[in-house]
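Participant: So you can see what is in the structure, the chains are spelled out below.
2 protein chains.
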Amino acid sequence: MNIVLIGSGNVATHLGNAFAALGYNITQIFSRTLANANRLAEVLSTQATNNLDQLDKTADLYLLAVSDQALAQLVQSLPKDLPGIILHCSGGTSMEILADFDQYGVIYPVQSFSKDVAVDLSATPFGIEANNKQVYTILTSIISKITTTVFPCASSQRLAIHTAAVFANNFSNAMFQVAEELLTEHQLPFDLLRPIIKESADKVQSRSPKLVQTGPAIRNDKITMDSHLKFISSHPDWQTIYQKISELIAKTSGNNS
Amino acid sequence: MNIVLIGSGNVATHLGNAFAALGYNITQIFSRTLANANRLAEVLSTQATNNLDQLDKTADLYLLAVSDQALAQLVQSLPKDLPGIILHCSGGTSMEILADFDQYGVIYPVQSFSKDVAVDLSATPFGIEANNKQVYTILTSIISKITTTVFPCASSQRLAIHTAAVFANNFSNAMFQVAEELLTEHQLPFDLLRPIIKESADKVQSRSPKLVQTGPAIRNDKITMDSHLKFISSHPDWQTIYQKISELIAKTSGNNS
Chain G
5 MNIVLIGSGN VATHLGNAFA ALGYNITQIF SRTLANANRL AEVLSTQATN NLDQLDKTAD
65 LYLLAVSDQA LAQLVQSLPK DLPGIILHCS GGTSMEILAD FDQYGVIYPV QSFSKDVAVD
125 LSATPFGIEA NNKQVYTILT SIISKITTTV FPCASSQRLA IHTAAVFANN FSNAMFQVAE
185 ELLTEHQLPF DLLRPIIKES ADKVQSRSPK LVQTGPAIRN DKITMDSHLK FISSHPDWQT
245 IYQKISELIA KTSGNNS
Chain E
5 MNIVLIGSGN VATHLGNAFA ALGYNITQIF SRTLANANRL AEVLSTQATN NLDQLDKTAD
65 LYLLAVSDQA LAQLVQSLPK DLPGIILHCS GGTSMEILAD FDQYGVIYPV QSFSKDVAVD
125 LSATPFGIEA NNKQVYTILT SIISKITTTV FPCASSQRLA IHTAAVFANN FSNAMFQVAE
185 ELLTEHQLPF DLLRPIIKES ADKVQSRSPK LVQTGPAIRN DKITMDSHLK FISSHPDWQT
245 IYQKISELIA KTSGNNS
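Those protein sequences? They're chains G and E, same order as listed.
Heads up, the final residue of the first sequence is numbered 261 in this note's numbering, and it's a clean run with no missing numbers.
Heads up, the final residue of the second sequence is numbered 261 in this note's numbering, and it's a clean run with no missing numbers.
Just so you know, these hints were derived from the structure itself, not from any lab.
Ideal Cβ placement from N, Cα and C applies to all residues, glycine included.
Don't take every hint at face value.
[Stated by the list, open to error] Derived SDA-like pairs (lysine to any residue); straight-line CA-CA distance at most 20 Å:
no.	chain 1	residue 1	chain 2	residue 2
1	E	LYS214	G	THR188
2	E	LYS202	G	LEU215
3	E	LYS202	G	THR151
4	E	LYS255	G	ASP241
5	E	LYS149	E	ALA122
6	E	LYS255	G	SER237
7	E	LYS84	E	ALA122
8	G	LYS248	G	ARG211
9	E	LYS119	G	SER210
10	E	LYS226	G	GLN138
11	G	LYS119	E	LYS234
12	G	LYS61	G	SER49
13	E	LYS234	G	SER98
[To be verified] Covered stretches of chain E, as calculated for chain G (at least 3 residues, CB under 8 Å):
no.	stretch
14	34-45
15	68-75
16	139-149
17	165-176
Please take these sequences and the hints and turn them into a complete structure.
Facilitator: If you want it as structure tokens, here you go:
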């Protein structure tokens, strides 16, 4: 199985490494920025290019691993006579963006990829969509070697998962960041909160988040909430977020008196 | 060391168990609701009461582990001639609420306690405050047997930590809950997001949250954000939170163009 990677960022790097570890042959890396293509090509011991005219036209799989913003334009500029299967891995983009090709699909890892942070792909769910049954079978077969959780995932479902993941991952991380900045302002180390952050994530591994909510909002403890709001009065944006999320917690708990 | 526990909720239960495990003698549990006092007294093999007149007046330590809302009224109704050290463990309450007593202090576990969820107290930081050096030494000595992280914590610092913990724990959990509800609306299991939630918490155990942020807001990807906002258009409260947190992420990344 020969694979061309189009993209050289976090997702391309993590998936490229996973494919290489399975013994697949990464024949080429394309990136608009040649230095980036070269860097990943060196890691994966393969060729780099920043010229779509030089794209390897003999591969079995073309994985488009670029940002959601760059994807549409990339697809338009790709040669339409590519053989093999054309894949993207974007949570928020319909599979039909690839409809000009013969064989196409989506592999969507429900995971957040950061630079230089190892990720356990074997525990990462991958949603699979394909334009026909044969492609679906091939993709499922490949991805099942990477992870234990492979599931069929239509574009509309993928959008639901992607939106939910923004809340569960990006927005929770933003809450960690506010907490860190608040502690830093008061000369306190973020280490103080790392155990409770770990505990928060651990709790919901086997429970529903709504069953383990604690704190002043779920208790409708207005005195404590007012004291916190006053404490962060120099950050009106934090105050707004504090109020809106507290209202949400109170409402979903049926405690919104 | 004889200890009276005043309160019978999650914090009283977790700390009571920890003290009992250290071999301290829990002589009495007080709760306004006798059934609750009885339940915890049975677990800790001790006496229960719901009558403050019957409070054991021979203990070395009185731990007030009630909700922040109930604390002020409880303190007012306690007999002022109690011997030993009077402690509360509230993040948002000044130590000076106990100033009518001779010896008093605060032990503040930076942790979230839920019913029937075991917590690793040995990894939980405890902030200590006391009205004199002798009480501080005693409290530090006791709590050091429970956890590896004991630190001096003035009331103003405790308020900072408590406010930060609401963001890091309660609000991130609220984000998990939105994600779960969104998936449920689309007949998708929350299991799909459990690995990314674990990953989010793991990442910040050794890194700053702002260095590992991913997603459309940090990339200023307006097309994806608009698509998500449209997708959750039946939940205006989720939309508001989505917008406010995305603005915060974009702003703190210096990407707010």
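Participant: Confirm or reject each hint.
Facilitator: Tested hints:
1. LYS214(E) - THR188(G): Given that 20 Å is the threshold and the Cα spacing comes to 13 Å, the pair holds.
2. LYS202(E) - LEU215(G): Given pair LYS202(E), LEU215(G) holds - Cα atoms ~18 Å apart, limit 20 Å.
3. LYS202(E) - THR151(G): Holds, at about 16 Å.
4. LYS255(E) - ASP241(G): holds, 10 Å
5. LYS149(E) - ALA122(E): holds, 18 Å
6. LYS255(E) - SER237(G): holds, 18 Å
7. LYS84(E) - ALA122(E): violated, 35 Å
8. LYS248(G) - ARG211(G): violated, 24 Å
9. LYS119(E) - SER210(G): Holds, because 14 Å separates the two Cα atoms, which is no more than 20 Å.
10. LYS226(E) - GLN138(G): violated, 35 Å
11. LYS119(G) - LYS234(E): Distance ~30 Å between LYS119(G) and LYS234(E) Cα, so the pair is violated.
12. LYS61(G) - SER49(G): Judged against 20 Å, a Cα distance of about 19 Å means the pair holds.
13. LYS234(E) - SER98(G): Holds, because 15 Å separates the two Cα atoms, which is no more than 20 Å.
14. 34-45: Check failed, 0 qualifying residues.
15. 68-75: Answer holds; 3 residues pass the 8 Å Cβ test.
16. 139-149: Since 0 is below three, the answer is violated.
17. 165-176: holds (count 12)
Checked against the numbered hints given earlier, this structure breaks hints 7, 8, 10, 11, 14, 16; the rest are met.
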